[in-house]
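Participant: Each chain, written out:
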Amino acid sequence: MESTTASAAGSPHSIIGRPVARIDGPLKTTGIAQYAADFHLPGTVHAVPVQATVGNGAIRSLDVSAARSMPGVLDVIHHGNIERIYRAVPNDPSATVSETRPPFEDNRIYYWGQYVALIVAETLEQATAAATAVIVEYSAETPSVSGELEPFAGKWQTVSTRGNVDDAFAAAAVKVDQTYVTPVETHNPIELHATVASWAGDTVTFYESTQGVVNHRNAMAQILGVPRENVTVVTKFLGSGFGGKLFPWSHCALAAVASRRLQRPVKLVVTRTMMFSNVGHRPLTEQRFRIGAGAAGKLVALRQDALNHTSMVDNFDEGCGEATPYLYSVPNLTVTSALVQRNVGSPMAMRGPGAVPGLFAMESAMDELAVALKMDPVELRLKNDAAIDESNGQKFSSRHLRECLETGSAKFGWSKRTPGVGSMRRDGKVLGWGMAAASWGAYRFGCSTTVELGADGKARARCATQDVGTGLYTIFAQVLSEKTGLPFERIEVLLGDTTMPEGPLSGGSWSTATVLPAVAGAADNAIASLLQIAATTPGSSLSGADAKTLRLTEGRIHRSSDAPARGVPFESVLASARLNGVSGDSTSGSAFEDPKAKGLSMHSFGAQFVEVEWDPEIARLRVSRVVTVIDAGRIINPRAGANQIKGAVVMGVGMALLEETVYDPRNGQPINGNLADYLVATSPDSPEIDVTFLDYPDYALNSYGARGIGEIGLAGVAPAIASAVYHATGVRVRKLPIRIEDLLQSEIREA
Amino acid sequence: MQSFSYSKAQTLDQATAAGGRFIGGGTTLVDLMKQGVETPKMLVDITGLPLSSVETQPDGGLMIGAMVRNSDLAHHEAVKAQYAVLSQALLSGASPQLRNMATTGGNLLQRTRCPYFRDPSYSNCNKRNPGSGCAAIGGHNRMMAILGTSEDCIATHPSDMAVAMTVLEATIHVEGPKGKRTFEIADFYKLPGTAPNVENALEPGELITHVTLPAPRKGSKQVYLKLRDRASYEFALASAAVVAETSGGHIRYVRVALGGVGTRPWRAHEAEAALMGKPATAAHFRAAAEAALKDAKPQSENGFKVELAKRCIVRALTTATA
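Each protein sequence line maps, in turn, to chains A and B.
Per the working numbering, the first sequence runs over residues 1 to 751.
Per the working numbering, the second sequence runs over residues 1 to 322.
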């Protein structure tokens with residue numbers, strides 16, 4: 001279904017750019033892969049938090065006596081007896097935490113579900129039972145969880161500005177001035193957050209479900225008051241995170257504190273209910289967009305004023321203006337933002353933070369502008385395509401938004417669209433066609449990797465990063481295979497352990513772009529060392545050769561003038577040299593420090609085309625077809641890549657039509673906090689999805705030309721669906737999710 | 001942790017004499033035990049009882065054992081052929097995994113999805129703690145009922161199967177301390193009134209043994225239509241079960257029942273009365289739908305269910321009379 005053009009960068013036979021199956025697939029499908037909660041250490045005991053049942057107030061009294069005396073209970077920890085727990089250093093980028101307030105710091109309750117005590121017991125059942133026996137009395141006030149952020153009287157921050165937007169808007173021939181709302185969404189990876197913490201003397205090991213083992217180690221060291229070298233974090237596999245597992249949450253520290261007190265391994269698995277209150281969410285956003293254009297559709301003014309809610313103790317800025325300043329050409333632009341405090345747990349980056357809700361608003365407004373102009377929405381985007389990043393005057397490293405739009409139009413059949421509301425019909429249904437542009441930043445951070453070529457004939461890479469579930473293990477394997485010519489069976493990739501060289505967080509779609517230079521460099525260094533040994537090991541047929549003339553191909557060392565078959569298996573050379581192996585290290589830097597990337601605006605782009613089928617009599621709407629075109633640099637593994645984009649599109653269907661965390665206004669409880677009542681898209685909700693990667697390498701970001709694809713696939717899906725819904729029904733929904741309630745307002749009553 | 005005893009009954013007498021809570025597929029009860037909503041002291045496993053057959057009766061009706069799994073019932077040849085509304089309703093509910101476990105008797109007794117009922121941290125739930133109040137009123141109420149509600153409870157009956165059985169005018173057979181008793185399904189379910197904790201006519205120790213369906217009405221068509229936000233695995237916002245027979249373009253027989261909107265599986269007598277003998281036209285369907293919902297009492301968030309239920313009825317009638 002997905003089509004990818006052959007990479008311009010790789011040879012036709014290169015493993016880079018080939019749609020290979022993920023090397024960890026069999027481990028997952030057979031249940032061998034060990035996720036955090038699968039680590040069963042001898043002597044493990046179980047921790048269960050007690051959650052506040054008020055959303056705002058203070059603990060007046062806490063009676064743990066009954067719980068403490070229940071069978072199997074070993075410890076009850078709360079604000080009255082917790083010790084040796086510290087705040088993480090503010091603004092230390094190497095040790096970021098999700099909540100600045102450590103658990104049990106005082107008796108204040110800031111949100112419903114906040115942990116107020118921790119039971120530790122021999123079994124999970126005993127701990128669960130005792131958790132219900134803790135008697136907590138609160139002084140409670142009504143929490144502030146309103147879903148409306150305006151009127152807002154606080155101070156706005158200017159995110160980006162150029163020209164004079166207000167004057168230009170006032171004078172514009174055609175205008176849109178609307179407010180768009182995206183609800184609280186909960187990340188809900190299927191793998192629950194889980195921590196197994198195990199102290200031995202003065203060191204602690206975490207088996208953790210984290211998107212960043214290195215950051216987790218650093219933050220935990222600060223919170224527990226121990227040196228970094230005393231903390232090890234292991235994350236072998238993740239059942240995804242969507243951003244919710246980027247940084248440690250309170251339960252991680254609680255498990256460690258309990259383990260330190262008892263000197264036994266402590267397992268704490270967050271429940272699905274807690275997933276809705278204690279481990280982050282995409283915050284509520286409310287964004288006013290003003291767009292002004294000339295009569296022919298050229299933008300003259302673009303203003304975005306974006307609010308998002310945050311918690312009472314953390315300033316989480318969603319960054320809704322992420323894509324606004326550079327996506328289109330417009331001389332007068334201002335983006336502002338501000339935060340509104342609510343009695344909720346801290347929000348946290350969720351797939352495409354900022355850009356995804358921001359683009360819902362902007363691309364919806366662009367569709368409204370196209371309607372006002374009586375102009376085709378694709379044509380409107382093409383007309384306002386930007387040649388440079390007008391927010392800073394920089395050139396784009398690689399921007400093919402125009403081709404995304406044109407390719408998407410052609411593949412979707414957009415030219416057959418008739419613009420009238422409800423004007424397209426098929427098989428007794430009304431069809432709606434909508435589209436949106438998409439963008440997401442391209443980043444590369446620092447990474448260190450070791451590659452070893454072993455006497456067992458295998459190549460191994462080691463890096464303290466982690467595979468969030470999307471295929472990073474396989475990216476490493478592809479580079480090792482490319483460099484050594486070894487098949488995957490002779491390659492091992494070891495990730496997710498802080499005893500290894502430091503690698504990146506799995507976030508921001510930067511993992512692939514970040515690890516590629518380091519693993520390639522380490523492989524090159526290991527191979528150079530190997531060839532040197534081949535040239536200098538007595539008795540070898542290659543002995544005495546100039547190492548520069550030697551090559552490693554298909555696992556064999558040979559003279560560059562010879563065919564590989566005439567060479568020697570590298571493990572034989574190692575054996576002759578009586579070596580167990582050779583290794584190479586490499587550390588690559590961040591793109592911010594790279595002269596090649598200097599002065600360039602680096603982003604991925606995309607276009608989403610959506611068809612909805614609408615049965616007006618019963619207000620039943622389904623997304624039937626999505627064509628997605630992605631310009632995300634060179635795609636290293638189109639199979640895993642298309643998989644990610646398809647998953648993101650399905651998530652976009654949920655965002656557009658289903659997902660919303662609802663708080664009870666009286667106590668602030670997320671009242672639909674389970675997977676039956678919080679609706680995500682199911683298989684029958686998933687449309688036919690056609691993924692195209694343009695596959696233009698972006699060599700400014702790294703030598704492979706790869707950017708990243710984790711987030712871009714979700715950007716633009718919701719506004720394209722909302723625009724398709726408008727096209728089918730005539731109902732413009734500016735507050736997600738689009739619900740049956742909204743569709744019942746349509747004046748079209750039959751197909 | 002609530003300790004409880006568990007035993008598996010081999011005979012009906014053993015089961016009803018045991019004095020415990022019956023457990024079949026466990027898809028409702030185990031959930032609620034985990035939530036702390038149900039706290040039985042004794043569980044009596046009834047899956048070993050010989051109540052797993054589906055048999056055609058001499059009068060042409062069908063006898064369904066209480067232990068027949070939802071999947072088996074939905075795919076049973078006689079059900080597919082003669083009680084399509086029941087098969088459709090079953091297959092629209094839950095997920096394949098749940099349907100493989102859930103039983104006929106258990107489905108009839110499935111409890112509401114009201115989030116305030118399902119969370120014991122709310123002390124005010126008249127179903128759990130009679131007289132304590134109703135947290136759902138004034139709370140998040142989009143999924144709540146609009147028909148049959150009271151000042152004390154607005155919880156929706158969640159079953160799809162029971163709606164189909166209501167439209168088919170099933171009879172429920174029970175056995176217990178009072179011997180064998182039968183109930184018309186219309187009499188089995190209670191309105192919440194001032195005692196929402198009493199949901200049905202069962203008395204302590206009584207066990208549903210069978211459900212019987214009358215012989216299918218010859219020449220009638222059956223439809224189950226379920227409307228919801230997503231395409232699968234969600235409880236109904238509104239559903240309609242219809243059995244209808246027309247001749248000469250007029251409605252000669254019709255039964256209508258609704259799901260997702262009532263505090264019990266909702267028989268829409270008013271709609272039936274409005275349709276009998278009338279031409280099978282859109283205008284009459286709409287009038288019937290208006291009649292069915294005339295007493296609807298929506299809450300702050302579920303007013304849309306009134307119109308949605310009407311449209312659901314109209315579409316189901318249209319399909320059943322086409």
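None of these hints come from the bench; they were simulated from the model.
Bear in mind that the values here come from a model prediction, so they are computed numbers and not experimental data.
There's no promise every hint is true.
[As the list claims (entries may be wrong)] The calculated label-pair distances, taken between Cβ atoms and stated as ranges, are:
no. : chain 1 : residue 1 : chain 2 : residue 2 : range
1   : B       : R286      : A       : I32       : 55 to 61 Å
2   : B       : K297      : A       : N392      : 54 to 60 Å
3   : A       : G147      : B       : K8        : 56 to 62 Å
4   : B       : P214      : A       : Q178      : 54 to 60 Å
[Unchecked claim] For the chain B half of the interface with chain A, some residues (derived, Cβ under 8 Å), not all of them:
no. : residue
5   : F4
6   : Q110
7   : R230
8   : E234
9   : C312
10  : R315
11  : T319
Quick reminder that beta carbons are idealized off the backbone N, C-alpha and C, glycines included.
Participant: Look at each hint and say if it fits the structure.
Facilitator: Against the structure, the hints:
no., hint, result
1, R286(B) x I32(A): 55 to 61 Å, "holds (59 Å)"
2, K297(B) x N392(A): 54 to 60 Å, "holds (58 Å)"
3, G147(A) x K8(B): 56 to 62 Å, "violated (49 Å)"
4, P214(B) x Q178(A): 54 to 60 Å, "holds (57 Å)"
5, F4, "violated (12 Å)"
6, Q110, "violated (13 Å)"
7, R230, "holds (5 Å)"
8, E234, "holds (6 Å)"
9, C312, "holds (6 Å)"
10, R315, "holds (5 Å)"
11, T319, "violated (11 Å)"
Of the numbered hints listed earlier, those contradicted by the structure are 3, 5, 6 and 11.
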